[in-house]
Every structure is written in structure tokens, then in C-alpha cells.
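Peer 1: Using the sequences and the accompanying hints, generate a full structural model.
For the sequence shown, counting from 1, position 77 maps to 81 in this note's numbering; every step adds exactly one.
Hints in this document: simulated from the structure, not taken from any laboratory.
Computed Cβ-Cβ distance ranges for the label pairs, DEER-style:
1) Met44 x Gln76: 19 to 29 Å
2) Lys62 x Arg38: 40 to 50 Å
3) Lys23 x Val45: 22 to 32 Å
4) Asn82 x Leu16: 34 to 44 Å
5) Glu39 x Asn74: 20 to 30 Å
6) Phe19 x Leu47: 24 to 34 Å
7) Lys43 x Glu68: 30 to 40 Å
8) Met75 x Leu47: 15 to 25 Å
9) Val45 x Leu16: 30 to 40 Å
10) Arg14 x Asp70: 35 to 45 Å
11) Phe63 x Arg38: 38 to 48 Å
12) Lys64 x Glu11: 42 to 52 Å
13) Leu25 x Tyr56: 15 to 25 Å
Ideal Cβ placement from N, Cα and C applies to all residues, glycine included.
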Amino acid sequence: MTFKIYEKRRSLKSFLFEKYLRYTSKTKENLSSREKTKKMVALQAEKNKKDYKLPEMKFKTKIEKDNYQNMQVFSLNNKKSK
Numbered sequence: 005m006t007f008k009i010y011e012k013r014r015s016l017k018s019f020l021f022e023k024y025l026r027y028t029s030k031t032k033e034n035l036s037s038r039e040k041t042k043k044m045v046a047l048q049a050e051k052n053k054k055d056y057k058l059p060e061m062k063f064k065t066k067i068e069k070d071n072y073q074n075m076q077v078f079s080l081n082n083k084k085s086k
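Peer 2: What follows is the structure in C-alpha cells.
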């Protein structure tokens, strides 16, 4: 995993939003020990296995739902290759 460090000055809005996420998401707390990390990863894995339900929206094209490598995939305006 790579991280890009932003060295320029950030806006106040960006700084406050980061602080908000840090204090509301409990990510730091969930990663504080090996057991908590394993538990959080297991919970997220179960959550991610569930199918995603698209909200009711109107599209001019047909929406195709497929599975690719055990992953749910939605295609909009799929132009089949020749």
C-alpha cells in the first residue's frame, strides 16, 4: 500500500472534515489491538458479501447485473465488443 503525502497547505474545511472522520468512525479504536482488528475485518467482510441494492432511479439505458469473480457488477450502457 502506498500513501501520497500532501505537503501543501490544506483548507480549514478539509482539516475539520478529517478530524470529524477520525472522531466519529472509531477506526483508531477498532485497530488498537490484533483481536479488534481481526473482528473489524471479519465484520466488514460479511457486510461486503451481501448484494448491493441499487436505489430506485430512472435510466435511459438498461442496467445489467452480473457476477464477476464472486463480485456483484452493474453495467450501464454496455456496448458489447465485436
